Amino acid sequence: MQNLGLPQLALIAFIVLLLFGVGKLPQVGEGLGKAINNFKNAIGKSEEKEDKDK
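For the sequence shown, the residue numbers in the numbering used here are 25 to 78.
Just so you know, the hints here were simulated from the structure itself, not pulled from any lab data. Among the hints, a few may not be true.
The calculated lysine-lysine pairs, modelled on DSSO-like cross-linking and capped at a C-alpha distance of 27 Å, are [unchecked claim]:
(1) 48 - 64
(2) 69 - 48
(3) 58 - 69
(4) 48 - 58
Note that the structure is predicted; figures quoted are calculated from it, not measured.
Given only the sequences and the hints, what does the whole structure look like? Please build it.
Listed below in structure tokens is the structure:
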């Protein structure tokens, strides 16, 4: 799998801007940030549980 370069990230950002518009962009970013944070917390809890089982 190839890594995303600057041109690909710029294209993705442009498409997101077109889809959601400037007004909704902060809400989309906030929701994405919360989702990533929840995912990291779930991964951390899973690793803690595995450490306790050993």
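Results for each hint:
1. 48 - 64: Holds, because 25 Å separates the two Cα atoms, which is no more than 27 Å.
2. 69 - 48: Answer violated: residue 69 to residue 48 is near 32 Å, above 27 Å.
3. 58 - 69: Holds, at about 16 Å.
4. 48 - 58: holds (16 Å)
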